[in-house]
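*Asks:* Below are the chains, spelled out letter by letter.
Protein chains: 4
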Amino acid sequence: MPTATMKALRKMRPQEGAQLETVPIPTIAPDEVLVRVRAASICGTDLHIYHWDPWSASRIHPPMTFGHEFVGVVEKVGADVTSVKPGELVSAEMHVNCGHCRPCRMGQPHLCQFVKILGVDADGCFAEFVRIPVRNVWKVDPAIPEHYAAILDPLGNAVHTVLAGEIAGRTVAVTGAGPIGLMAIAVARACGCSTLFATEINPHRRALAKQMGADEALDPSAGDVVARVLEATGGSGVDVLLEMSGHPTAIQQGFKMLRPGGRVSLLGIPTKPVTLDLVPDVIFKGATIYGIFGRKMFETWVQMTELLKAGRLNLEPLFHERMPLEKFADAFSLLDKGQAGKILFYPNGSLG
Amino acid sequence: MPTATMKALRKMRPQEGAQLETVPIPTIAPDEVLVRVRAASICGTDLHIYHWDPWSASRIHPPMTFGHEFVGVVEKVGADVTSVKPGELVSAEMHVNCGHCRPCRMGQPHLCQFVKILGVDADGCFAEFVRIPVRNVWKVDPAIPEHYAAILDPLGNAVHTVLAGEIAGRTVAVTGAGPIGLMAIAVARACGCSTLFATEINPHRRALAKQMGADEALDPSAGDVVARVLEATGGSGVDVLLEMSGHPTAIQQGFKMLRPGGRVSLLGIPTKPVTLDLVPDVIFKGATIYGIFGRKMFETWVQMTELLKAGRLNLEPLFHERMPLEKFADAFSLLDKGQAGKILFYPNGSLG
Amino acid sequence: MPTATMKALRKMRPQEGAQLETVPIPTIAPDEVLVRVRAASICGTDLHIYHWDPWSASRIHPPMTFGHEFVGVVEKVGADVTSVKPGELVSAEMHVNCGHCRPCRMGQPHLCQFVKILGVDADGCFAEFVRIPVRNVWKVDPAIPEHYAAILDPLGNAVHTVLAGEIAGRTVAVTGAGPIGLMAIAVARACGCSTLFATEINPHRRALAKQMGADEALDPSAGDVVARVLEATGGSGVDVLLEMSGHPTAIQQGFKMLRPGGRVSLLGIPTKPVTLDLVPDVIFKGATIYGIFGRKMFETWVQMTELLKAGRLNLEPLFHERMPLEKFADAFSLLDKGQAGKILFYPNGSLG
Amino acid sequence: MPTATMKALRKMRPQEGAQLETVPIPTIAPDEVLVRVRAASICGTDLHIYHWDPWSASRIHPPMTFGHEFVGVVEKVGADVTSVKPGELVSAEMHVNCGHCRPCRMGQPHLCQFVKILGVDADGCFAEFVRIPVRNVWKVDPAIPEHYAAILDPLGNAVHTVLAGEIAGRTVAVTGAGPIGLMAIAVARACGCSTLFATEINPHRRALAKQMGADEALDPSAGDVVARVLEATGGSGVDVLLEMSGHPTAIQQGFKMLRPGGRVSLLGIPTKPVTLDLVPDVIFKGATIYGIFGRKMFETWVQMTELLKAGRLNLEPLFHERMPLEKFADAFSLLDKGQAGKILFYPNGSLG
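Residue numbers (my numbering), protein chains in the order written: chain A, 219 to 570; chain B, 219 to 570; chain C, 219 to 570; chain D, 219 to 570.
Calculated from the structure, these hints are not laboratory results.
These figures come from a predicted structure and were not determined experimentally.
Since no wrong hints were added, every one of them can be taken at face value.
Mimicking PhoX-like on lysine-lysine, the simulated pairs with C-alpha atoms at most 25 Å apart in a straight line are:
| hint | chain 1 | residue 1 | chain 2 | residue 2 |
| --- | --- | --- | --- | --- |
| 1 | D | 303 | B | 334 |
| 2 | A | 334 | C | 357 |
| 3 | B | 545 | B | 225 |
| 4 | C | 303 | C | 225 |
| 5 | B | 294 | B | 357 |
| 6 | A | 490 | B | 474 |
| 7 | B | 490 | B | 334 |
| 8 | D | 334 | C | 474 |
| 9 | B | 490 | A | 490 |
| 10 | A | 303 | C | 334 |
| 11 | C | 334 | A | 357 |
| 12 | D | 334 | B | 303 |
| 13 | D | 527 | A | 428 |
| 14 | D | 474 | C | 490 |
| 15 | C | 527 | B | 474 |
| 16 | C | 474 | D | 490 |
| 17 | D | 334 | B | 357 |
| 18 | B | 474 | A | 334 |
| 19 | B | 527 | C | 428 |
| 20 | C | 490 | D | 490 |
| 21 | B | 545 | B | 555 |
| 22 | B | 334 | A | 474 |
| 23 | D | 474 | C | 334 |
| 24 | B | 490 | A | 474 |
With the Cβ distance kept under 8 Å, some of the chain D side facing chain A (calculated, not the full set):
| hint | residue |
| --- | --- |
| 25 | 385 |
| 26 | 388 |
| 27 | 389 |
| 28 | 409 |
| 29 | 521 |
| 30 | 525 |
| 31 | 528 |
Even glycine gets a Cβ: it sits at the ideal position worked out from N, Cα and C.
Bound-form chain A, shown alone (with noise of 0.2 Å):
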């Protein structure tokens, strides 16, 4: 049994910085579960988060836990609960979204107008316990490392990325090589594309963009990467671009490295406004753009479990340090430093 309190690593006020603090464990509803944190992962929101930048101060209202990527096992489950029971290893998909509104409606509830994120709009995962509507547990496959289950929300952006449209036989662009672009060069690659070029200003992350599966990794700063992947499929550019970056100029040359009648996955989040050539870039080209949150429920997590149970992707070259919760600074200063590793909070001690 759970005692009474717990270690959470907590923002307390509206500023820069967050607290390791012992609150009470979450008391479960009939529907909710109760997860003890096996291992969990720090995302880029989490860095904004612990920042304070102009969206987290728009958005979190502190007290809170935050963190929202992990791996753990049920502790406890509310009355209602058949699904899943205690010792079962899960992660959970933390976007918990409304059911009534119009996307949820039309079965795009990964779009629902009213999504509260666990870790975002009420406390997460950067704790020893984290409590979860049953329908939004997910139950990890024994064939699945643990330490890869602690990553299944942004492994599973980067397959919604990639699967939002065709990608086998298809040439590809990945612009930004960050850790979720990493894993949407590995997915593409396990997924039959063909020809694979990323674009990444780090060299540490263009080493690992060849790693995961990049034909050519190419550095913006250097020369006209969209001339070299004009060039190199024969004028015509890209069938596929997924634009993992969120940076204007990346995204301005992503558009001009595809080819007429190409697809865009857009999953970057750009901090302002971006201009685009739609004209020759959309408009007469007839692209097809998507617009990627999220990751689609359930189907993204039955394809991310389908193809790590089928050993379809290695993502080893991705995980960077496991630490304990206590070392929180000593990980987001790491983070700050822009390497692309995955860093793992492990809340209950043991570090996997």
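Dock chains B, C and D against chain A, hints included.
*Replies:* Below, chains B, C and D without anything else, positioned relative to chain A:
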């Protein structure tokens, strides 16, 4: 038999204006068809060519006969032509694709990288006769009125725009009620759309929008059209945005009117790059955006033929004046005034 | 407040017939809603249950209140219900999905492997009151006539069938003009189909088919309907087959009427396996076939609501008699005669 | 320059067998290409023609040179040909479409109602030279091994079958492990499928199925393959069925293995109509079924070229013997024994 020469409206020099010239009747290759033009309709593109705007200056090589919307009667066929014969009523897809580039090979010939447009890149239909490759000739079903057949090219743009995604039972916003926007309203109605909002500054065009089937025709200069559409859709926004204006503000408003998970078809041609608020309007919204160019070859032609044959479209309100080719200056001057009506030339005499 | 008991039409024993019983008004769980039934409509399935056919004998566990098409007023809501309140007009999706099986997880809850159907597997709506899980309740838009709202369940089948693929500008064959076939005709017309052929042996239903929008209503007992459809489509066959009869011969004829590359939606329920000429009719034809079951949850409900709100469907010709629940024997007897009209029960008195 | 005559393997009379004949080298039209055949591969269809089965008797008009899978070098091009030139390595899509029927106009030229197949309806490639319309010629990427290029036709069938719907992260059943079934296994694996089950009676082919990437190769004669697949998929069944056998029992078993909401691609050719249990297996299951014929023109060709160029497919286990054309009787006799390997003819001498 055709005489040796014919009248043709031609751009003779790289400057404003055009001239009615006497030129040889085209000779045809074995796989070409000579068509006696019954009626030719004026497109916004023709107005740009006439006024020699920057796009025209960069693309058009005078001397050249322009015009690309028409209906006519087959006068003569090349030696290898078996699919049409003299006397048949025809129109044509004026985008001639190469057949070998990647979009052509991927089943997207309307996005050919080496497309040659008759009336833009080679002689068009503002003449007594026009020469067309046989595979671009479209036989007009006898059930279709002749003047409707003269505007299949822009009607095809509208059909392509509307039917790029699902429309039945969808709420719709049409931004811009020029001729193609008005046709799109009629097509969306015929194809089972639900509530349809049009936005348009010109009051005459707003009246036409209602006549073509819009439930509300909103004036963006007189109030907050985004707020109105959100209110009328219970706060969600519309399922589908059909952007027909090319105006940056209308494009931006259109995206704000779109519900999460909605679909956008972009047909209007902005004159310069457009700044989009990608995060809230595309990425977090999970929007699907289609750039629309030309007409699917020839699925769009089949679809519009079927809609017209079955009497699903009343386009009468769109027709304005009928004129001999000699009155071209009057025609372009009328169009400069911004009424949405289509003007038809009758190069071979009798006005329909 | 409801009284403690109510009338209900129940199958009491595993045999032909049914009985009007007095039973306790259902008590509701925290996530359920109690609805006072205004009008309930009889489905072919109810007729099967009444007559205790082999399917019923294998599926139904008496005693059980049947009926699954209705409109009513919310009488009372469970403690956790916030999305509807007493006094609101509602209908319901009577297929209750599990939420955890693979189809549920893949965004196909209408194909749940463990679906429980109210009125088949648990008590239904042929009663003064019916109990519904809140997430299956559908609020009826005030613009929709009450008697239309009583048949949303079968109308949803028709909408699902028609909109499973493209319909705008498509030629269509509807094989079988029972109630759902007739609704499908109306829906296809409203959604922009081109020429529509119906096949139906019953002359009264053929007349209704024309009234609902069929261009031709053909009698398979009086001539070669396949030859007629091929002739009328220039030898190609129709773009879309909507199979609504479940009759083996009609199914086989339908496939013969389909053009190469066409689409089939199969909704009608044959009573035994059917022999198909797969090579010419499916494989070499490159046909796309959709099995149709239930309604997409809840995209179909949104679509039909929008079509009805916008006044796109005239279903008046489908309605037949209105009766008190007590006259159930007359109702089933009328339906045995094979007219396509819907019969409505009014369990709470006044006949609409 | 070619000499005036060449060797060709021809069906001379409407009966069993074939003869090696000396015939004139074909002369080409302005839009045709003459190809010197390097290697030609034998298809099951050729075996049917050789043995003069009922289908052949109804379709083939002797005398005729058969064979439709090949790679060769352009010997000579017609006067209007600009897209290929002598010396280039090419294969060809041997289905010549009309360009004018409804499927052709709807963007489905592979389903042309008036298709003419070279090697079936006109002279094919079991000869020193073959004549091809230029728009059907496919330039072979230099990265593709010559013997792989000889089997692009059946590989295209496999790619078309697999990629007719989503495959990434999907569980798959392949019923029938003949040459195209084996290729489909390799393609599905390369495109990110999850667990793949093959069913096949021939033990040699089962071994090949494992070698090509099947997780389990099941013997339908030795146990309940449906039960095994359901068990291995947690009772749900597979997401995707690829039917490659044409055997009625395999087809029926395949449908029983499919999960609700699953996808079926039917490529195998049954010799007579097949009885399907439509209600449980298609309708209530909400299955999506695609009939597969030929290759998408030319999307499938692009996809397989990209997969081959990128080294995603190892087809070596499929190749069996290489023979001069003179040994045709040995070749057909070997194939009659039912091994799945492809046999290549080398009509111009040196065996690759």
